[in-house]
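J.: Taking the hints into account, I'd like the entire structure generated from these sequences.
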Amino acid sequence: MILILIQNEIEKITKRKRTYISFVLITILIPFIVAAINNGGTTLEKSIYGQLSDSFFFTGSLLNGYLATYIIIAVLINQMPFLSTIVASDIFSGEYSRSTFRIYLTRPISRSQVLISKVFVVLSYTSLLMAFFFFYSLLVSTIWLGTGELAVFHKGILFLSSDVVLFRFFIAFFIANSVMLTISLLCLLISTMTKNSITPIIITISIVFIGTAITYIPIELFKKVNPFLFTGYINSFLKAFHDPIPWVHIQSMTITCLTWSTLFIWLSFFFFNKKDITE
Amino acid sequence: MSLIEIKSVNKSFGSLEVLKNISFNIEKNTIVGILGPNGSGKSTLMRIISGLIKTWKGDICFYGDSIRLNNSYLHSTGFLIEDPAFYEHLTAIENLNLLARLSKTPAWRINQALKRVDLDKSLNKKVSQFSYGMKQRLGIAQAILNDADILFLDEPNNGLDPNGMIQMNKTITNLNKLGKTICISTHILEDVKELCSHIIILKDGELILDNSIENLLMNTKKYVIKSKNSKNVESALSKIKNLKIIEKTDKKIVINSSLKIQEIIQLIPHDVDIFSINKEPDIENLFL
Chain A
1 MILILIQNEI EKITKRKRTY ISFVLITILI PFIVAAINNG GTTLEKSIYG QLSDSFFFTG
61 SLLNGYLATY IIIAVLINQM PFLSTIVASD IFSGEYSRST FRIYLTRPIS RSQVLISKVF
121 VVLSYTSLLM AFFFFYSLLV STIWLGTGEL AVFHKGILFL SSDVVLFRFF IAFFIANSVM
181 LTISLLCLLI STMTKNSITP IIITISIVFI GTAITYIPIE LFKKVNPFLF TGYINSFLKA
241 FHDPIPWVHI QSMTITCLTW STLFIWLSFF FFNKKDITE
Chain B
1 MSLIEIKSVN KSFGSLEVLK NISFNIEKNT IVGILGPNGS GKSTLMRIIS GLIKTWKGDI
61 CFYGDSIRLN NSYLHSTGFL IEDPAFYEHL TAIENLNLLA RLSKTPAWRI NQALKRVDLD
121 KSLNKKVSQF SYGMKQRLGI AQAILNDADI LFLDEPNNGL DPNGMIQMNK TITNLNKLGK
181 TICISTHILE DVKELCSHII ILKDGELILD NSIENLLMNT KKYVIKSKNS KNVESALSKI
241 KNLKIIEKTD KKIVINSSLK IQEIIQLIPH DVDIFSINKE PDIENLFL
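Protein sequences appear in the order of chains A and B.
The numbering of the first sequence is our numbering, which starts it at 1 and goes up by one.
The numbering of the second sequence is our numbering, which starts it at 1 and goes up by one.
These are calculated hints, taken from the structure and not from any lab test.
Hints may contain errors.
[Unchecked claim] With a cut-off of at most 27 Å between alpha-carbon atoms, the simulated DSS-like pairs for lysine-lysine come out as follows: (1) B/K222 / B/K244; (2) A/K15 / B/K104; (3) B/K228 / B/K244; (4) A/K195 / B/K126; (5) B/K20 / A/K274; (6) A/K155 / A/K223; (7) B/K20 / B/K193; (8) B/K54 / A/K195; (9) B/K193 / B/K279; (10) A/K17 / B/K125; (11) A/K15 / B/K126.
[Unchecked claim] What follows is a set of in silico ranges between Cβ atoms, one per label pair, in the way DEER data are often shown: (12) B/L69 / A/T259: 31 to 37 Å; (13) A/I202 / B/N10: 55 to 61 Å; (14) B/L69 / A/V248: 29 to 35 Å; (15) B/G159 / A/I202: 50 to 56 Å; (16) A/S110 / B/V224: 46 to 52 Å; (17) A/T262 / B/G39: 54 to 60 Å; (18) A/L258 / B/G159: 48 to 54 Å; (19) B/K57 / A/T259: 34 to 40 Å; (20) B/E190 / A/S110: 35 to 41 Å; (21) B/I188 / A/Y20: 43 to 49 Å.
Glycine included, C-beta positions come from ideal geometry on N, C-alpha and C.
T.: Structure (structure tokens):
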């Protein structure tokens with residue numbers, strides 16, 4: 001039964017236009033940013049070198065597809081919750097507001113299974129979107145600007161050889177995706193409680209915004225709390241480009257995101273199973 | 001054993017009691033009309049039976065088994081709750097496909113159901129392009145999709161034009177002839193008189209009547225007299241004692257009388273042209 005429910009959920013979302021908005025936006029936006037990076041390459045290099053150019057003589061160019069991808073992800077990662085929650089925000093609230101549950105839930109199915117199918121679809125959509133964001137950026141950037149070593153800031157300038165860069169991007173994807181999945185599940189939880197599709201996005205983004213602010217406010221209490229908040233890891237993908245890779249940090253990020261995700265799914269079960277469909 | 005037994009069902013939304021200790025049975029092959037004004041609790045009761053409302057008190061049994069224990073009874077039931085709400089971005093057949101998969105209904109039944117409600121030519125049309133009447137018929141199609149033993153239709157004539165209503169009532173009667181038990185909730189008295197074999201009346205969440213049309217007819221004092229010209233009939237009736245005219249149109253007079261039908265016929269002069277005299281259950285008074 002669960003496979004049938006998943007098939008139904010996939011059919012429901014793939015035949016809706018709004019499902020593709022995020023993909024279309026990324027498809028259009030990335031080439032523009034790559035073109036802009038290519039155009040302003042000299043300025044960008046100067047700002048990377050900074051005062052180092054006073055002491056060192058650089059030959060060749062630091063600007064390549066890997067660096068462009070790194071910059072694109074760093075710039076856009078904080079905007080991704082807006083796009084990744086498009087499906088999650090509507091997945092329950094849309095059914096409440098359009099009253100479609102009035103027919104769907106009168107079938108011999110359990111609500112828990114309906115919820116599992118919707119969780120599966122939300123997680124798949126978010127992962128697909130994040131994978132598309134990372135690897136489409138990588139594809140466009142490397143085709144346009146070529147490959148080479150990746151220069152990043154970590155204890156000064158760190159050069160990562162082109163052999164390990166792809167692996168680093170995979171780790172970065174894993175980190176960013178874990179956080180984004182947790183954000184999507186938070187949005188899904190709020191969607192089980194409201195019949196307005198915009199409310200879950202607004203509340204989720206507000207929580208992410210407040211959580212991110214906590215990360216940057218230098219107060220002792222916030223510093224203590226921050227490791228336990230999934231929002232504190234939203235920029236942690238940058239650590240995938242550190243040397244050595246901070247596996248302990250990635251481990252604690254994974255545990256934190258898993259814990260919050262489990263809590264969000266459990267609460268969604270609780271609310272949805274008790275919900276009276278009166279709309 | 002009754003098909004459905006509703007036992008002391010109570011439901012409140014906050015401090016508002018919507019259903020108060022409702023108990024009645026639904027027998028096989030009947031058409032039960034749940035009648036009541038808006039807000040009387042008809043839809044809430046249907047939502048409870050369908051499993052859409054989860055928190056309620058009392059018990060409901062399907063062939064003796066409590067519906068609280070498992071939802072397998074939903075294999076044998078079909079529901080049309082209020083306005084039919086479909087996935088508007090999908091076609092009629094895609095919508096029914098989604099639902100058919102859930103009850104493991106074979107694909108040929110989809111076409112059969114669409115044919116029965118006369119929508120077989122619109123199966124590839126998106127639901128967003130459907131008129132209200134078409135959506136209502138699609139609602140019936142999804143309810144009969146799994147060849148259910150019992151259909152719960154909440155206000156099936158809601159929003160339909162007179163032609164649509166006639167067509168819907170025909171569909172309901174035909175389904176009953178096919179052996180389906182049907183439970184209709186409505187606030188339209190004419191629907192009940194025309195279709196139902198049993199009546200439940202709810203008012204302010206309380207059950208105020210649970211009776212068969214047969215019993216109601218036996219106790220009624222209400223008669224409908226149809227004729228070519230009501231004026232002649234009216235003047236003839238005005239001379240009869242123990243009889244009161246309560247409604248009059250060109251070709252129909254409704255009277256209230258303690259006399260038996262044969263006595264009325266005998267008291268009306270032979271030259272007064274009458275088509276028919278029929279007893280009618282006095283639901284209006286009970287309803288009000």
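J.: Now tell me if each hint is right for this structure.
T.: Taking the hints in turn, this is what the structure says about them:
| no. | hint | verdict |
| --- | --- | --- |
| 1 | B/K222 / B/K244 | 10 Å, holds |
| 2 | A/K15 / B/K104 | 22 Å, holds |
| 3 | B/K228 / B/K244 | 20 Å, holds |
| 4 | A/K195 / B/K126 | 23 Å, holds |
| 5 | B/K20 / A/K274 | 21 Å, holds |
| 6 | A/K155 / A/K223 | 22 Å, holds |
| 7 | B/K20 / B/K193 | 26 Å, holds |
| 8 | B/K54 / A/K195 | 18 Å, holds |
| 9 | B/K193 / B/K279 | 11 Å, holds |
| 10 | A/K17 / B/K125 | 17 Å, holds |
| 11 | A/K15 / B/K126 | 11 Å, holds |
| 12 | B/L69 / A/T259: 31 to 37 Å | 34 Å, holds |
| 13 | A/I202 / B/N10: 55 to 61 Å | 37 Å, violated |
| 14 | B/L69 / A/V248: 29 to 35 Å | 50 Å, violated |
| 15 | B/G159 / A/I202: 50 to 56 Å | 34 Å, violated |
| 16 | A/S110 / B/V224: 46 to 52 Å | 50 Å, holds |
| 17 | A/T262 / B/G39: 54 to 60 Å | 42 Å, violated |
| 18 | A/L258 / B/G159: 48 to 54 Å | 49 Å, holds |
| 19 | B/K57 / A/T259: 34 to 40 Å | 37 Å, holds |
| 20 | B/E190 / A/S110: 35 to 41 Å | 40 Å, holds |
| 21 | B/I188 / A/Y20: 43 to 49 Å | 45 Å, holds |
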